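Line order of the protein sequences matches chains A and B.
Counted the way numbering that gives the first Met the number 0 counts, the first sequence spans residues 0 to 416.
Counted the way numbering that gives the first Met the number 0 counts, the second sequence spans residues 0 to 475.
One or more of the hints may lead you astray.
Rough simulated footprint, nothing fancy, chain A against chain B, three-plus residues with beta-carbon under 8 Å [what the hints assert, rightly or not]:
1) 40-52
2) 193-206
3) 290-303
4) 425-431
5) 436-450
Below, a list of computed lysine to aspartate or glutamate pairs in the EDC-like style, where the Cα atoms sit at most 20 Å apart [to be verified]:
6) A:Lys152 / B:Glu445
7) A:Lys152 / B:Asp469
8) A:Lys105 / B:Asp218
9) A:Lys182 / B:Asp469
10) A:Lys267 / B:Asp216
11) B:Lys473 / A:Glu179
12) B:Lys289 / A:Glu264
13) B:Lys376 / A:Glu179
14) A:Lys152 / B:Glu440
15) B:Lys158 / B:Asp177
Away from chain B, derived, C-beta distances all over 12 Å, residues of chain A [said to hold, decoys possible]:
16) Thr65
17) Glu68
18) Lys72
19) Glu76
20) Asp87
21) Arg135
22) Pro240
23) Thr244
24) Gln314
25) Lys315
26) Gly341
27) Ala391
Hints in this document: simulated from the structure, not taken from any laboratory.
Everything numeric in this text was worked out from a predicted model, so none of it was measured.
Each residue gets a CB set at the ideal place from its N, CA and C atoms; glycine is no exception.
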Amino acid sequence: MCDLLSRNIDLIVVGGGPAGLAAAISARKEGIKDLLIVERNNWLGGILPQCIHDGFGLIIFKETLTGPEYAQKYIDEVKKLEIPYIIDSMVLEITPEKDVIVSSPKGLLVFHAKAIILAMGCRERTRGQIRIPGSRPAGVYTAGVAQNLVNLKNFMVGKDIVVLGSGDIGLIMTRRLTFEGAKVHVVAEILPYPSGLPRNIQQCLIDYDVPLLLSHTVTEIQGQNRVEAVVVSQVDENSKPIEGTQQRIACDTLILSVGLIPENELSKTCGVDLNQITGGAVVKENLETSVQGIFACGNALHVHDVVDYVSLEAQKAGKSVAEYVLGKQRKVKRIQTEAGNGVRYVLPDFIRRNVDLELFMRVVCPGKDKHIGVFDGKKLVKKKKFRKIHPAEMIKMRLKGSETKNVKALRVEVLEK
Amino acid sequence: MVGCALAREFSKYELKTVLLEKESDVCCGVSKANSGVLHTGLYYKKGSLKARLCVEGRLMYKRLVKELDVPCTLCGKHVVARTEDEIKDLERLRDVGEANGVRGLTIISRELAKKREPNVDSLGALYSPVAGIVSPYLFTIALAENASSNGVNVYLNTKVTGIKQVNEGFRVTTTQGDFTADIVINSAGLYADRIASMVGIDQYRLYPSRGEYLVLDKDSRDLIGGMVYPVPPKVAGYLGIHLTPTIDGNLLIGPSSEFIDVLEDTRTTEERILELMTEAKDLLPNISLKAVIYAFSGVRSKITPPNEKEARDFIIQEDLVDFINLIGIESPGLTSSPAIAKFVVQLVKEKRDIRRKKDFSPIERKTVRFNETSREKQSSLVNEDPAYGEMVCRCEHVTKREVLDALNNPFGVKTIAAVKYRTRAGMGRCHGGFCLPKIVEILEKEYGMAAEEMTLKNTDSPLFIGRTKDLRKKGV
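Kindly produce the complete structure, drawing on both the sequences and the hints.
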């Protein structure tokens, strides 16, 4: 650590997005007084202020809100509860001893925190990470960046557009750019099924006659200075482009909606174990990470489909952190969960027996009328039928305390017929 | 880079020097797209310009990087043998290097190589302790800025369209007007043969050869200690796909080698990306290709034709009175650049009495790199200037002050690329996702730029087509 003067604090919440706000509110309500939200942008609410479409809040508020409206409810609550926050401030480092170094225009701040909530959110996968070959012109934007530029700055990114990836932000941006007068020529999706929520496929593509090409990807970007065209190719079942299927689509912009990555660079600096599949922290059912007193929630933990679930999860993290800070956390034994056949991941990674809890998971492939089973070795602990399962949608399963009474480990599987 | 090194070297003398650059900034061609390696001189024939200038150039770097405040480190290099035959190649390389005056070369055993580079499997390696890495962009930019501080006029967006011999010397016609010069140095890289033809020197032909690279997340940096090179394949002048740590802490895989038809065709291709990944896995089985954050390519200006076995030497000569050509300056061009500049100045000095300036200042202003300073120093920086407390680039921890300083460059370049190469904002794992909107905001608020004026890298690469509201009014 450095020699700068540090201040003791009960709780630092890293990130003032939906997760950070809900976690801070919950922690305050549970009795934590000495806390601070650190936000690197110059606003609270994270990504929500740029999500000017509606559809937020159905689960928590039973009404459909826009992103800014949803965020405002939490921002108002933060202000009402007088929870301190700083903006334009970024956590540079967290040590395993929970020293937190923050850069801010007011100075370099150092805190020694009793507890920390990791709520950094996620970032978008880029062109480089999916290695699209071709030239490197202007006009290649990730969907979230385009959303920020168009909605917050009113800067129009282009007029002839191809979207790669049918993730939700890509779908929303397809509609948004269409509203602004652009022509979205096609949305290409490498998978044989859409990645976004079904309602977005309907409301953003079908309603506007934008073609969706499944099992297709962009195999080349053309144009020396500004995008001039992209080459779209069909792919086989291993996602490899099929020779001879290339079609060149003239356009000035390529929008990428090719996945989100939980931001965990800070988790690494403080030694938190990461789940290789989710990219987020390994957590217990109380959302505590492998480092005592450090909790994780929201998209920094795993990418959520609906913001309401982010808020609910964060609320739980706030409650757990209060237990920890106020000395009410009990030492308990836990068992491990495991993603089995057909399940990409299941959270929490460790759970307590004998308490009611919820498992969160994502499946590998879409399916209809499928059963998901929870096993202890070969023994079926619980089984639930789902009318529809889809990788784009997070699946939740409640477990009663009585159901985990004598289990040694839990494995979740999609059952074959 | 060589052009900027020349400009700086000439700025030491009582001369009126101008640097003409067709791009919107310095360091836009292969100068920014290479391994950033300071070579020692293992690969070049004794007595060649390449051997001499490479060895001399590398030694000049020590002082230069201090004067110009450019990050540089001698991280050392292992050339690894993967077959018995290649062990013999190592001996050959060592002998060439020693003949060129390279010190400290040792061939080490399989065991020692494993100890030094635990993640690399080999049968033995040639170790070169003095090989180094440097930031090619910061070096080139600093050379240009220092030349400019010392009186060189740098003309950007200035493409030479014709050169004519006139009574007073040469009349150089450009897209920004005419220049009359006593002496012309042709350091036009890929275009050097064309520029030479403008004055009737037709004997040169360059063969552009593209090299593609992959950039890995900083997470992968520690997989190797220093550079790891294969024994060079039997292709003239090609060193093979190697692994190079960058001065910024990333890892580079590359370059590939492929002759191309179109000069500045710097695209990346699926075939080469696959080749890079296969080769990298072969050298370093633990490498995770999930860590790839970017791909780029640069084009070498080769004088060696595709079918020739042995690489040709640099050509640096006065082919016409007062017209000096620099032809085929490929690798080790970066290492040699300071020595090339000195060599060219020497050619001029032999004929003309040029006087050294008394007030030449070799030192360029210190650049603050917030991310690389101690916490204590960071703290005092923020206290002095709150703009140091505001992060513009979350991945590389680049502050608003550094971005403003970059945008206040002496050449007035206000592109996203100008900020990227000067500060690293946008070079990290999110590759501009966080910083692009912030830089756009700075361009708007601090410099009054309109949406349609903002560009990625040059005047022809607009970021936006305008403001949404204006476009709607216009009915676009």
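Checking one constraint from the list: CA of lysine 152 of chain A to CA of glutamate 440 of chain B, max 20 Å. Satisfied?
Answer holds: lysine 152 of chain A to glutamate 440 of chain B is near 8 Å, not above 20 Å.
Does the alpha-carbon distance linking lysine 376 of chain B and glutamate 179 of chain A stay inside the 20 Å limit?
Roughly 47 Å between the alpha carbons, so the hint for lysine 376 of chain B and glutamate 179 of chain A is violated.
Counting residues of the segment 436-450 of chain B that have a beta-carbon nearer than 8 Å to any beta-carbon of chain A, does the count reach 3?
With 5 residues close enough to chain A, the hint holds.
Whether proline 240 of chain A stays farther than 12 Å from all C-beta atoms of chain B, as the label says:
violated (8 Å)
For the segment 290-303 of chain B, do three or more residues have a beta carbon lying closer than 8 Å to a beta carbon of chain A?
holds (count 5)
Minimum Cβ distance from glutamate 68 of chain A to chain B greater than 12 Å, as the annotation requires
holds (21 Å)
Confirm or reject the statement that lysine 72 of chain A sits farther than 12 Å, beta carbon to beta carbon, from all of chain B.
It holds; lysine 72 of chain A is separated from chain B by about 25 Å at its closest Cβ, greater than 12 Å.
Starting from lysine 182 of chain A, check that the Cα of aspartate 469 of chain B is at most 20 Å away, please.
Holds, at about 17 Å.
If you draw a straight line from the CA of lysine 105 of chain A to the CA of aspartate 218 of chain B, is it 20 Å or shorter?
violated (31 Å)
Beyond 12 Å from each Cβ of chain B, as asserted for lysine 315 of chain A:
Per Cβ check, lysine 315 of chain A is outside 12 Å of chain B; nearest 27 Å; holds.
Report holds if the minimum CB distance from threonine 244 of chain A to chain B is greater than 12 Å, and violated otherwise.
holds (14 Å)
Confirm or reject the coverage of the segment 425-431 of chain B by chain A under the rule of 3 or more residues with a beta carbon closer than 8 Å to the chain's beta carbons.
holds (count 4)
Hint violations for this structure: numbers 1, 2, 8, 13, 20, 21, 22, all remaining hints satisfied.
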